[in-house]
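**Q** Sequence:
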Amino acid sequence: MPELVIKYKNKKTLEALKSISKYFDFSIIENEKSKPEKLQKFSIIKGKGKINTLEMEEIFTNANLNAKKLREEAWK
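Going by my numbering, the first residue of the sequence shown is number 43, and it counts up by one from there.
One or more of the hints may lead you astray.
What the hints assert, rightly or not - Simulated DEER-style distance windows between Cβ atoms:
(1) S69 / F102: 24 to 32 Å
(2) K60 / K111: 22 to 30 Å
(3) E114 / I87: 51 to 59 Å
What the hints assert, rightly or not - Below are the BS3-like pairs computed for lysine-lysine, each with C-alpha atoms no more than 27 Å apart in a straight line:
(4) K51 / K92
(5) K49 / K64
(6) K64 / K54
The set of hints was computed from the structure by calculation and includes no laboratory data.
Even for Gly, the Cβ is constructed at its ideal location relative to N, Cα and C.
I would like the entire structure built from these sequences, with the hints used as guidance.
**A** Here is the structure:
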């Protein structure tokens, strides 16, 4: 059976969908979003939001890197 995800803000929307589901023969399955702190038993620590890439610039500038080749070698 095809599935459709509907995001809503108001609880009344859900109630309306539940009531019309009886007439249009569709089902509603409520799905709670995973909380980040419970995601595979790992805690997620929020980052500072900025990263200084200047230190890496020297390493990667003019290094003649090929993304496809790097992926192939990394998966060996």
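**Q** Look at each hint and say if it fits the structure.
**A** Do the hints match the structure? See the list:
1. Take S69 and F102: their Cβ atoms lie about 51 Å apart, and the range 24 to 32 Å is violated.
2. Separation of K60 from K111 is about 54 Å and departs from the stated range, judged on CB atoms against 22 to 30 Å.
3. As the Cβ distance of E114 to I87 is approximately 32 Å, the hint placing it in 51 to 59 Å is violated.
4. A distance of roughly 31 Å separates the Cα atoms of K51 and K92; the hinted pair therefore is violated under the 27 Å criterion.
5. With a C-alpha separation of about 20 Å, the suggested pairing of K49 with K64 holds against the 27 Å cut-off.
6. For a cut-off of 27 Å, the pair hint linking K64 to K54 stands: about 16 Å separates their Cα positions.
Violated hints, in rising order: 1, 2, 3 and 4; the structure is consistent with all others.
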